[in-house]
Amino acid sequence: MRKFTILFLLLVVLSCQKDDFYIEPYAPQALQIDELTGIKFSETSPTDGTLYNLKTDNSGTYTVEILDITKSLVSRNTLKVTEGDNIYTLYTRALETGDYTFRFVDQNGIERESIKLFIK
Amino acid sequence: MKKLLLLLLLPFMGLAQMSGPTSNDVADGEGAAGLVYFGTTEDANKPLSNVQVNDTIIMGIKLTNWLAGSGEVTGNEITYAHIDINYNKNAYTWIDQTYYADTTNSNWSGAAGQHSTNIGNGYKWNISSAVQAYDLWGQWQNGSASTNADWNLVHLQTQVSYGDLSDLDALVTFRLKVHDAGANHDYTDNVFIPNGKLCDNPNNKTYDPVYAYENQDLSLTPGADIDVTAIKAKLVMGDNVDLTKFKLVPLIKNQTQDDDGDGEPDNFYYTIIQGETFWVDVPSNGIVDVTEYITDPTGEYAVVWEYGAPGATDRGFKTLYEDVLTISDVQLALKELAQHGDTGGINAAVSILNADVAGSEGFGDGNLTDQDTYALLAHVTGIEELYIDYDNDGDIDDADTDAQAGFFFRTLDGATYTDTAASTTYQNDIAHGGGFVDLDIDFTNTTSDQVFTKYGTWKGDVNLSHSPDVSESVQNDAMSIAYSSTLRTTRVQSFGEAKQVAATVNGTIVVEEQGDKVVAKITIPEGDLTAAQIKLSFDDTRLTFDSVKTASGNTTTNFAKLSDNRVNFGSINMLDDKLTEVVYEVTFSKKGAIEGTTGLIILTNTDASDSNADRVELKIQ
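Chains as they are written, first to last, in this note's numbering: chain A, 1 to 120; chain B, 1 to 621.
One or more of the hints may lead you astray.
[Said to hold, decoys possible] Calculated pairs, EDC-like style, for lysine to aspartate or glutamate (alpha carbon to alpha carbon, straight line, at most 20 Å):
hint, chain 1, residue 1, chain 2, residue 2
1, B, K590, A, D48
2, B, K521, A, E65
3, A, K80, B, D540
4, A, K40, A, D85
5, B, K619, A, E65
6, B, K62, B, D25
7, A, K120, A, D68
8, A, K71, B, E617
9, A, K80, B, D516
10, B, K234, B, E292
11, B, K578, B, D614
12, A, K80, B, E513
13, B, K619, A, D68
14, B, K590, B, D540
15, A, K80, B, E595
16, B, K591, A, D48
17, B, K232, B, E300
18, B, K245, A, E96
19, A, K40, B, E595
20, A, K71, B, D614
21, A, K120, B, D242
Bear in mind the hints are in silico, worked out from the structure with no lab data behind them.
Bound-form chain B, shown alone (with noise of 0.2 Å):
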């Protein structure tokens, strides 16, 4: 199946490479002369996979004496050299070349060359049977070319009086203009040595064998003439989230694959980077230049944000998601929908969607209802979590959460949320849900760049707490997304003023031993809390997780929730009554023998929420 996507991919890849015999082969040999590759005449260092239609390549002819002097052995230099480039006349324009061996050139300390060109228009060397088709002198003595509309073969020479031509960097280089062949065009060797000769003038040695080595062969499959800027994909979120966490996976849609066999192009995204490893990192920035992928003027391209490395046993999401989906956003939730009824209304248009969670996996039904608060609370309290068993193999772990994460994270353009229903990949299992984005590229723009700016957001952040700053006018365009119109909204509010803290809450916390237990007790002072939330991290090597204690009035839920090594517990009062002073007592059992407790459990996220539904930092002092 890869075999046939790759071929399926050919036309859209500028696939390169150059070959010539193993070292092995050329054991025997007595010199060399070999293709060497120097970029293209825009950029030196541009990979030979790169290179499209139109491009200049700059190739060179490197020779190779083993038969050099070394220390006080006297050896040969190589002061005459004639080496043969056969092209194909379809796939390249032959430009002009440049020797080296040449008093102007500060690298040379041999004699000033002569040189000489010969091009034979319409000839392709034949390449002998009777000897190796890298043995370069065996093929001169036994070879011949003949007529051949579509190939010409170039005649180089260098001849010196003294100094050894294998200590130039190139004897020579030539410029060759790369054209498009066609679509039936075989690209495989259209560039060769076919043959050559080296002697040692002054000492009448004739070199023998010469080989083609290291490579005697250039196959190049350029990629189509795309002349634009520069192509990037950026991502917005909020302060507290690590967008190195994300990885960007570039996708291809193949326009003619049909696997259903419906007579119908099955119009499926492919990832356009083969191999395990099939996505780019993002930097902190969040924006990610793939010009490199985009080969194809006429291919529709996107670019799938997925939240950890695609396939990769733990991508952390569910940690992320613990400090994202939380008592406060709960609390929004529950108080907006209390003021609205049951069509309900939220502060912000996309604070709105991201309380939507009941109705499918992905996005909710459009309405803000006691189902949707139900699923946030149940999820924060561990009664019911929003992850399903997406394996189905019968429990809801990291794999479950990890393959959900794009479900989770939601894009936002301005004008509406991504469509997870618009396109699917095939390749890679990628779960694209909300991380995908088209990029909808102009390659008539060769000025100036194109970004493609998506901001994330997680389904359930209804505070945006891990959502971005947006500015008035992308806040403004929020308004209009795809399911707002069904819901009332009672305000605007951008991110960054959903974000916004309205008090300071201090609270404490001490551990210490109490016989074969260790307890953490955190105390919350009464306040205009309504909710509060406290994560801990513990040492799930010496200690085990027994329970949390806590007298919150009757009014007030309690709650607590252990994933792995992390308990989450709090307090939430749904009829609007404040807390009184909380003190919650988390118990561990000891493992083994501790010597103090001194880092043993670590205060790692806290959250709450005033009467008014706003967020409240609460500090543990």
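Bound conformation, chain A alone (with noise of 0.2 Å):
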């Protein structure tokens, strides 16, 4: 019975163990892009925590520039990304309300993917 509780223990730590299996990232269904690059948001007109998925074809860091609708840049930021799914949040409570184009650009600095979208 002792040796039978030992095994039992012993399995459960095992277990509790962390794996160290790599995860991709998981894209719910309304994020989910059936090419092989894209780019998706959770909404058609998204506001502040708003979820997207930049799918890339490569690993390495994007760019994701914000144009108003002069075509002037407000912002610019570095993204770290992996092949195939990246789901990132767009914040937008420092935005005023308008038509905004993001574009997203590889690190040779070619635009691979580019939407633009109202914010309010």
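Please assemble the complex out of the two chains, which come individually in their own frames, going by the hints.
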């Protein structure tokens, strides 16, 4: 009986041990992209806290540029991406209501995605 | 106090109302007749409250039939009506009447009516206390008329062989010419329905009771007879100022009230519009028609341009002013002071007044000195802002800045700045400051619009970035403004020229996460710049501002200022040395977990100045 108890406790300890497997970011249904690459927001009229998926075919550092309605740059942010889905949050509290273009540029300066959104 | 003010303003305002019993009062009624207002002969949509002396108003009588049939239920039709109208001859003249139970009226499907009108000259109906005053059939049976030289009693009668007279929008309309009955006249109930009778003759039915419903009487204190076409107030500002943020407050001076008891009128201005919202909105073109508030040809009128709604907790002035007074304004003032000594000089007379900020709350002391340039620089760098603790609560918050907006805003009519001490409003704590505008109305002008245009500018807006383009003539007139004689002027420059951008310099911005920090890195390349300023907005629910770090040389002054969720920072070299490449690292701490930095930090404004103190467009790419 004692042996069984020790064996059982050992199994419990081992089962709680951290796995070393890599888990790819999970893209919720609303953010899944069928194509190899792309950009998708969880809402058609994004608000503060809206999630978006930047799906890439490579890993590296991207930048997302936010341009206002006059095409003037109002923000440029770096994003460290992995191949596949990359889920981020859009923060809008600092943005005035209006039309904005979001440009996603890879480390070679090539625009990979671009989307125009109305932010309120 | 409000009641007192209302009473004082009564002579200037057209007060009007119609009244009658409530729906509960008439719940047992079989029929009713009520007064209806159909506008004036000049304007069918003219509000009753805007009726003036010499207008002709159109009144009507509308019948209600509570015994009418419905569906398969056969009811009664009102085929006979006589309704009396009693009116005061001092306040009105009866012009004529029109009956509508007529075959020429396409809206009438009944038989042709027989009508009669009898005017009893010099009679007033004595309301019987035996029945309610609004019981018209009861009054007809119990009341009586007596002679009264001030009143006329009109007996209006219609009869048809079939059809329901209550189907008409009005059984009859009548026109009344409005008079000024004198200062002591009581205009209450000067038109009323004293009695009436309704019948369904084919069915031998007399309606009982018949009530005066919805309105039995009219009380109208007409406004003065003013025939000006249109009185408009117009505000002109820089293109980058949203005029819809302004509110316009119409005012009238009370020329009789003596609140301080010194035996002389105080001559305070009062808001014309009563209640909490005593202002009107301003459209994007800055033109507001205030004609409806001009009711007294002897009155002295004014308006106040207010930035934001008066009394609102956050009128947004501070946010605007962060863009108005920036580093290039300081550099321009410094340049001019350095070139022209303590007596000062600047390239536009309007500019010099805007630069003259030290000396008083509203206006400066008439001289451009190093005290002014220091005050300008201290404000931009955050050492000591131009705002004061206006409400004396120990801090300078939005309540202070909003209350002071009027003292930062200045209007120019082409000849002088508005004198802030010229007159005082008494009501609603209107701190009119520079936004006060006298309306010098020509009441004899009945053929053309009178537009009172003001050019708005701001204390501290030295380079006129948020001030209007003005014509050459206005600009030349501006040279004669009150204080300019003490200031040497080097060259004349219009608003438009002052706003000219000398060149464009491109910088860059990158925002990235660094552990538990988020850092915005802004780089401005070396060029001809002697001053630069950048404003960032950030999401203060997710970030806390930590610091701005930069290296820009030993002779350059760097500054950073936090206001709410905005960071203003930059550099200025007051020795005219050009800035080397400047890199600003603006660091924020995360308040919690974030997923990316998209939208957390936003560039909202930039400003720069070159070695000639001309503005330079600092473009961040």
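Against the structure, the hints come out as follows:
1. About 17 Å separates the Cα atoms of K590 of chain B and D48 of chain A, which keeps this hinted pair within 20 Å; it holds.
2. Our distance criterion of 20 Å between C-alpha atoms is met by K521 of chain B and E65 of chain A, whose separation comes to about 14 Å.
3. Taking the CA atoms of K80 of chain A and D540 of chain B, the gap is near 23 Å; set against the 20 Å cutoff, the hint is violated.
4. Under the criterion of a C-alpha separation no larger than 20 Å, the hint pairing K40 of chain A with D85 of chain A is consistent with the structure, at around 10 Å.
5. Distance hint between K619 of chain B and E65 of chain A is fulfilled; the C-alpha atoms sit about 15 Å from each other, no more than 20 Å.
6. Simply put, K62 of chain B and D25 of chain B have alpha-carbon atoms about 18 Å apart, close enough for the 20 Å limit, and the pair holds.
7. For the hint pairing K120 of chain A with D68 of chain A, the CA-to-CA distance comes to about 13 Å; that is within 20 Å, so the pair holds.
8. Between K71 of chain A and E617 of chain B the CA atoms are separated by roughly 15 Å; this keeps the pair inside 20 Å, and the hint holds.
9. Distance restraint check for K80 of chain A and D516 of chain B: the Cα-Cα separation of roughly 16 Å lies within the 20 Å cut-off, and the hinted pair is therefore satisfied.
10. With a C-alpha separation of about 16 Å, the suggested pairing of K234 of chain B with E292 of chain B holds against the 20 Å cut-off.
11. Using a Cα cut-off of 20 Å, the hinted pair K578 of chain B and D614 of chain B holds, with the two alpha carbons roughly 13 Å apart.
12. Taken as a hint, the K80 of chain A and E513 of chain B pair is honoured in the structure, with Cα atoms around 10 Å apart against an allowance of 20 Å.
13. Note on K619 of chain B and D68 of chain A: the hinted pairing holds, with a Cα-Cα distance of about 13 Å set against a maximum of 20 Å.
14. Only pairs whose Cα atoms come within 20 Å are accepted, and K590 of chain B paired with D540 of chain B is accepted, the gap being roughly 9 Å.
15. Distance check on the hinted pair: K80 of chain A and E595 of chain B sit about 11 Å apart at the alpha-carbon level, within 20 Å; holds.
16. With a C-alpha separation of about 16 Å, the suggested pairing of K591 of chain B with D48 of chain A holds against the 20 Å cut-off.
17. A hinted pair counts as satisfied when its Cα atoms are at most 20 Å apart, and K232 of chain B with E300 of chain B qualifies at roughly 15 Å.
18. In summary, the hint linking K245 of chain B to E96 of chain A is supported, as the alpha carbons are separated by about 16 Å, within the 20 Å threshold.
19. Proximity of K40 of chain A to E595 of chain B is assessed by CA-CA distance (about 15 Å); at most 20 Å being required, the pair is judged to hold.
20. As the CA atoms of K71 of chain A and D614 of chain B are separated by approximately 25 Å, the hinted pair breaks the 20 Å bound.
21. Distance hint between K120 of chain A and D242 of chain B is fulfilled; the C-alpha atoms sit about 19 Å from each other, no more than 20 Å.
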